[in-house]
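**Student:** Given the coordinates of chain X, assemble chain V onto it according to the supplied hints.
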Amino acid sequence: MTKPNDLVQGTLDLLILRTISLGPMHGWMIAKRIQQVSREVLQVQQGSLYPALHRLEQQGWISAKWAESETGRQAKFYALTPEGRKKLEQETANWSRLSAAINLVIEKA
Amino acid sequence: MRVLKQAGMYLRMLLHRGREAQRLDAEMQFHLDQQIAENLAAGMAPEEARRAARLSFGNPVVVREHVREAWLWAGAERLWQDVRFAARQIRRAPGFALVSILTLALGIGANTAIFSLTHALLLESLPIPNPGRLVRLAMDFHDADRPSSNNGALSLPMIQMLQSQSHSFSGIFGWSVYDFVLKDEGVSHGRRGAMVTGNAFQTLGIHPVVGRLLTPADDQPGGGPDGWAAVISYRLWVEQYHADPSIIGRHITVTDHGVTIIGVAPPGFEGVIVAEHPDLYLPVEFSAAISNNEKQLHRGWGGWLTAFARLKPDASRAMAQAEIRTLFPSIKTAMVPPSVLHLPAVERLTLDVDPARSGWSTLRLQYTKPLLLLQILVGVVLLICCANLSGLFLARASARQQEFAIRGALGAGRVRLIRQLLVESLMLALPGALAGIGFAWLVGPWMLRGLGSSQAEAALSVRPDFAVLVITAAVACVCALFFGMAPAWMASRTDIESALRNSHPCTSAGSAVARRIFIPLQLALSLMLIVVAALLGATVVHLRTDDTGFHTKNVAFYIADFGRLPQKGANLVALYRRILQQMEEQPGVDSASTVAVLPYHGWIAKSPFTAATDPKLSITRPSDINVISAGYFTTVGTQLLSGRDLRNDDSDLRSCIVNQRAAKMYFPHAAALGKILHEVDHNIASSKTSIRDCQVVGVVQNTKYDTVRESPPSIIYFPMSAQSYRLPNMYFAIHGRSIAEAEAAYHKVIHEMAPASPETDPVTFQQLMNDSIAQEQLLSALSGFFAVLALLLSSIGIYGLVAWDVSRRTTEIGVRMAMGATRPRVFLMILRQTTFLLAVGLAAGGAAAFFAARSVSSFLYEIHAENPAVFLVAAGVLVIVGLIAATLPARQAISIDPVNALRSE
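As they're listed, the protein sequences go chains X and V.
Each residue of the first sequence is one higher than the last, beginning at 1 in this note's numbering.
Each residue of the second sequence is one higher than the last, beginning at 110 in this note's numbering.
Pulled out of the complex, with its shape left as it was, chain X reads as follows (with noise of 0.2 Å):
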């Protein structure tokens, strides 16, 4: 199986940075709401979420902490680390600064 090429990976990373600065959520959580905020058009795959999760706790983006579910069960929660927070304004930059372009393109050319 191939690797997920570089800028969808990276938008992944955006989108889940973005999620988790308002508050400390489960993998679950977070796929729900990704899907809910971007009105079902975007649908994160287990198979790429969770690959992206652990890898932005590699990082230290991101730190886990294992805690009590709403519905009683142990979960793992990810929350935003302050390096995360810096890395995410970083990354929301970039991607403004990348679809304005593109949208300059499209427009223009």
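Hints may be right or wrong, so weigh each one.
Straight-line C-alpha distance at most 25 Å; calculated DMTMM-like pairs for lysine to aspartate or glutamate [stated by the list, open to error]:
1) V:K292 / V:E348
2) X:K65 / V:E348
3) V:K114 / X:E83
4) X:K65 / V:E178
5) X:K32 / V:D134
6) V:K404 / V:D335
Which residues of chain V face chain X? A few of them, derived with a C-beta cut under 7 Å, are [stated by the list, open to error]:
7) E136
8) Q138
9) H140
10) Q143
11) R163
12) F166
13) G167
14) V172
15) V176
16) A179
17) F591
Note that these hints are calculated values from the structure, not bench results.
The beta carbon of each residue, even a glycine, is placed where N, CA and C say it ideally should be.
**Tutor:** What follows is chain V alone, placed relative to chain X:
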């Protein structure tokens, strides 16, 4: 900061891998359950909810794999898996592992031993700050006949003059090795030491462990503020004085003079002359006290100090050399007496600035080329080892084809397979390297002792040190890569389908071809080693049996230390004669005499002569000279050809004896007997030239003088007289029925007749001879050992190949025999492959050996590098060994029972 956190997390997760895996499962299970709950809430039936959830989740194993891959330690985990798998494989085939490790141990061990020698002698930098800035100033006479004479030493005034005139150096110092007698609290020991100029330690830049080091203030006539000051070595401080700090200020006696110990040199400091291990350092002015001759110390001409200097930070060696080149002519004029100044040798004299970051050593002069040759030879042995191992590994890899095929089918990439096999190779290489280091550790000193050179043995420590260990580890890794690569490559190219389909593990054509290349390669290299070893061995045999003009058995030399006896001049000569007479009367003594210059001792005395019949008195030719008593030729076994020996009385003082070569040189057209020779004597002190006459009364056969390899020079022998060269320190030469009897005679007579003089240790003629050919012996012994090793390895390689071939073709052999092939025919068929390989190996090896022999021709003596006998014998040995190695497994082939063979399919 982030990196630290990451590293911490990495380590933590590495240690709790199992727990992390469990947690991942729990996390995914939670996700799945949430999805199921959601589906149920949406109204699906429980079964459908579960199914839908699982479908949307995807393959959990794959997800898990992806997550694991995201984990940072995936690489380390894979490596650990490889290591464990390799360990299992090794445990399953312990014989194979043992053979591999042993082979590697031999190859790497031999390399390590030789490299530690090379490192200790040639490469190791001095333990001083900035050793790269140290240079040696050496005088070069450009004398092609005797390149190592004088060792380029300078005199003290010369060094002082250089110091005052040159600007390239921050300090120039002189260093001379000397054997002292150290007496402390009544106990005397001979200790090797060095006399150094006052600024030596400052220029070197080392610091004492306790006390202080010598300074120019200590290097004054009569000693410095502490009288005669001495620095002792760290080793002596620990061994003799048990590292007692109160040793500073201790009064000891060195060569009958009172000396104060002022400091201890740092550990690991062994002076600048490599492999001398001095224990005692004294200022050069002390030499005037020892020889009782202050004037001699300040003589401009007569080098005895090896000069070293430290370059100034902004000067380069080239700049310094240029400066010295302009300064030296005026220094020469100031130092050299006018009578000698215009001799061609002195005109040619230059002062060279040589790099000295690893100090300097006469041993180095002797052993550089041999050590380099040995390093190459041992490298070839390692190459053969690797080829052997590669063959072995290929065989094993070809047997594991099915395993590789399955792993490939399960998704292992080529890189993964190659890495796995390389890890296996490494896991055998590292223990092999360790075993090799242990082997070198044990064998090293034994190897040195076998050298026969007492000097080298005392000087060099062959224990591997840190740099050597690092190099060894690197070599091991390179080896592993080298011999592991071929099978790894082959394994990664397995055709999965065909391998899985075949029930009987067969081999790919690739591995067979590779093995067939390795065997001739090994054979060629072995032939090369055998030829070189044979040539070097023949050299040693020739050196030993060459007619040197001496009989060396049972002859011992003792140096006389009569400097402090009351007898001087003619009285001393008479004393010598009386002693000799007494010695000859002792039981077991055949002949006793004295001689000034020992054969093979490295000391050369030369003087210019001309025949009295020669009208052109100005043209003189130099000859080696020696001063002897009557009976010397009998003692050492030199034949008298015409005339008579010298007489032991004063009437003979104007006589001399010449050897054949001298006779021909000075009197080419007539017999030398009865003719007069003029010795043109340049008296350095008075700068006057005087001519001394002597009459030739006898002619002896040619003998060697300085080395065994030289062609016999012309030698002129003078009788002992009051003005003789080195009269108080002549050597007694005693030829007895055994060395013990000679020794007994010496001690008895000296005790009786010169009790005031210290008794000295003997050096036997045999030992002198051994020392002078030590280098050749080392080469011959070691190259022989390597040749045997190479033969052994090659034969193991052949054995392995044939055995593997037989096992591979068991079925085929069974069929052939069932169909009527006789046993001899099968035998020949198996051997056919080997003979073909032998032929190829011999052909390639012959060419390689030819070039190898040419390149070692400079080491040979009286044997031609292209001697065909040597090549034929070497080829013969190789063929015999190869055939024997092949015969053993081939015999197994013919004892195969065809029924069993066919059944095993």
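**Student:** Indicate, hint by hint, whether the structure satisfies it.
**Tutor:** Do the hints match the structure? See the list:
| no. | hint | result |
| --- | --- | --- |
| 1 | V:K292 / V:E348 | 15 Å, holds |
| 2 | X:K65 / V:E348 | 64 Å, violated |
| 3 | V:K114 / X:E83 | 12 Å, holds |
| 4 | X:K65 / V:E178 | 21 Å, holds |
| 5 | X:K32 / V:D134 | 20 Å, holds |
| 6 | V:K404 / V:D335 | 23 Å, holds |
| 7 | E136 | 5 Å, holds |
| 8 | Q138 | 9 Å, violated |
| 9 | H140 | 5 Å, holds |
| 10 | Q143 | 4 Å, holds |
| 11 | R163 | 11 Å, violated |
| 12 | F166 | 5 Å, holds |
| 13 | G167 | 5 Å, holds |
| 14 | V172 | 5 Å, holds |
| 15 | V176 | 5 Å, holds |
| 16 | A179 | 4 Å, holds |
| 17 | F591 | 34 Å, violated |
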